[in-house]
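J.: Given next are the chains, with one letter for each unit.
Protein chains: 2
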Amino acid sequence: MKPVKVSTRGATSPASPIRKLVPLAVKAKESGKTVHMLNIGQPDLTTPQPMWDAVLKNPPAVLAYSPSEGFPELRRAMARYYEKLDIRIGADQIIITTGASEALVFAVASIADPGDEILIPEPLYANYIGFSHMLGVKVVPIPTRPEDGYHLPPREVWEEKISPRTRAAIVCNPGNPTGTVYRPDELEMVLGIAKDHGLFVVADEVYREFCFDGERHRSFMNYRDTEDRVILIDSISKRFSACGARIGAVSTTNREAYEACHHFSQARLSPPTLGQLMAVDAFAFDDDYYAELAGAYVKRRDAVMEELSKMPGVLCEVPKGAFYAMAKLPVDDSDTFAAWMLSDFSHEGETTFVAPGGGFYATPGAGKQEVRIAYVFEADVMRRAMEVLGKGLEAYPGRIG
Amino acid sequence: MKPVKVSTRGATSPASPIRKLVPLAVKAKESGKTVHMLNIGQPDLTTPQPMWDAVLKNPPAVLAYSPSEGFPELRRAMARYYEKLDIRIGADQIIITTGASEALVFAVASIADPGDEILIPEPLYANYIGFSHMLGVKVVPIPTRPEDGYHLPPREVWEEKISPRTRAAIVCNPGNPTGTVYRPDELEMVLGIAKDHGLFVVADEVYREFCFDGERHRSFMNYRDTEDRVILIDSISKRFSACGARIGAVSTTNREAYEACHHFSQARLSPPTLGQLMAVDAFAFDDDYYAELAGAYVKRRDAVMEELSKMPGVLCEVPKGAFYAMAKLPVDDSDTFAAWMLSDFSHEGETTFVAPGGGFYATPGAGKQEVRIAYVFEADVMRRAMEVLGKGLEAYPGRIG
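Going line by line, the protein sequences match chains A and B. Counting with UniProt numbering, you get residues 1 to 401 for the letters of the first sequence. Counting with UniProt numbering, you get residues 1 to 401 for the letters of the second sequence.
Worth flagging that the hints you see were computed from the coordinates, not collected in a lab. Mixed in with the good hints, there may be bad ones.
[Claimed, not checked] Derived SDA-like pairs (lysine to any residue); straight-line CA-CA distance at most 25 Å: (1) A:Lys5 / B:Lys2; (2) B:Lys2 / A:Glu215; (3) B:Lys2 / A:Glu259; (4) A:Lys2 / B:Gly198.
This one's a predicted model, so the numbers in the text were calculated from it and none came from an experiment.
Hey, can you work out the whole structure from these sequences and the hints?
T.: In structure tokens, the structure reads:
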């Protein structure tokens, strides 16, 4: 019998830094510990009642496929939502996807072939690496620095990384895991590079409304002359606290890119039906909804920052958006530390689960002292989770400095 | 400004033969025609009430992510279901996916790299081509013939197509679009080839319970000595009339293939939450449920076959499983014919939408006289849809023979 062998991309596929320690968290819970799950962007906010009503009040008799590109009602609702944000995307330029995850897969596949390269500011959303890896596309990281608040480096740094195989840049704004909200001049620089080098810009704006301290979000789609080289990624997961609905969208005015994404979407038949029904009315929520949402998260962020500032050796810039903070900890290895917190540590029966930083870097060895903290619970809970984290840092055998 | 260019795989991605004519169907409906939608496997059967109750009676407050590999309750329910079928797969060898579609993407990516080849009996499920194309994997068709009831050709035919890049065979049993139920000797031949050439077998068994005329389904997983080279694809879409739930599964006892699929699953976070909640109890449905299901479809099939047999020049073997029939029509080009039926034809205000056969072939130019008919409606409706199809064939300007 001749043995079988998995593919190279299968054998080398990276585990998610957000998910890989979950088995340890499950064991910790089974042993009776309370685990503060700050590893993942799963908010505690209830999914708005109107969204539930959309399915509960009048469920369909047959849970049928939707069109591949999503229900027309939802695409129209999203187009109206974009219009209010000065984003010119028609309903027929939107493809509803199974979360932003699938939107990213379609976007990358439509603009890059195996062996092609994509520029991404680093630290980066870990799953960009996973999707690119599955599609045979190489992630080329663009370094940013905590002391610059993870803002983008100058144009020269980008241009050094451009090769004949470079096809696009992916920019997450506000940034996951950094919480950075990019300034207009940064967006203009990226678009300028894209113009001069024939690149697409994949704009991941799922945290668009999560901006604090008077920061205003500007979209890559707000620039008229480069609209047709932008591919917009979106999701209802965070905005409407509906992560499990798995509804996102990939949108573009570039006809060829749209057609490619459309064909990919046909192959997988349709996005989830119930999640789409829930999303239609949600896109009509008014400014008050978003103001309340941002208000809730700013309190959580402030609680986290206040507690972190009390811990010796911990460095963390104040994030201006999204609901994540990258913190540098006085530890030898944040992978080991995060695992130790789950397996070996507890404080008054509690522990805190953070995502190790290494997985948010494409550069080997980088991020070994950083962790990502998702501030997805109420301020009091976050404060307590930070207190437990601080106790863990004091007790951790691999503490340095 | 330097122009952007989409990827080669994007520019050459095939449109789905099942979905590509939908815009014409929409127009036909808008013009007042009744369109019998036999293009797609979307049954009219209501989704069982216990599945609805699972979400409607006690909806969660927060629609949260599930684990990447799916809820443990659902994985355990599937393992129990498999056990009854003499399929030895543990709950921890099952990954819940967003439909069989995603299961196929994970399976192919885990066993094939860009440029690798996969053998698939032809005509084939069109989306195998779409997924493979997106992943840079080449589909190598294994020809089958209508006069053999699309049963598999002998081993020599397969071995002629094997190259150093061949990594796997995908076999859909019962077959979509053919309705063929493979005999044990056919399964054993495929497994024998896989053993001798170091290939995986991707077993797509989503129509497992749809077997008629006393046919009994045998699974590729029923053979003990080759279990670890089989990757099993499944779905709740057809079995429980819940296509829009988008819940499937990829399962394997091969540890490395499982790990690869698991990492891919982590990158996209989780499958839809509500669909999973609906599926748990459904996997405990008893034999009576499945007997009733198969009984409903056999009536539909018989109605289709009876009507087709009345049409001069139409050839169609009696399908023994699934709910599709491939029929050879006396037309110049089934793409043109299917489009013409929607755009130019009606009989008493009705028309019939069939999927053109070409898209179910990887061989260029093949299938030009075939169409796939999904018998997903009640026998009376199917009979009427066939009558309308027959009238269309009489009137079609490109009729031949």
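J.: Take the hints in turn and mark each one as holding or not.
T.: Hint check results:
Between the alpha carbons of Lys5 of chain A and Lys2 of chain B the distance comes to roughly 43 Å, so the proposed pair goes past 25 Å and is violated. Our distance criterion of 25 Å between C-alpha atoms is broken by Lys2 of chain B and Glu215 of chain A, whose separation comes to about 32 Å. With a C-alpha separation of about 21 Å, the suggested pairing of Lys2 of chain B with Glu259 of chain A holds against the 25 Å cut-off. With a C-alpha separation of about 5 Å, the suggested pairing of Lys2 of chain A with Gly198 of chain B holds against the 25 Å cut-off.
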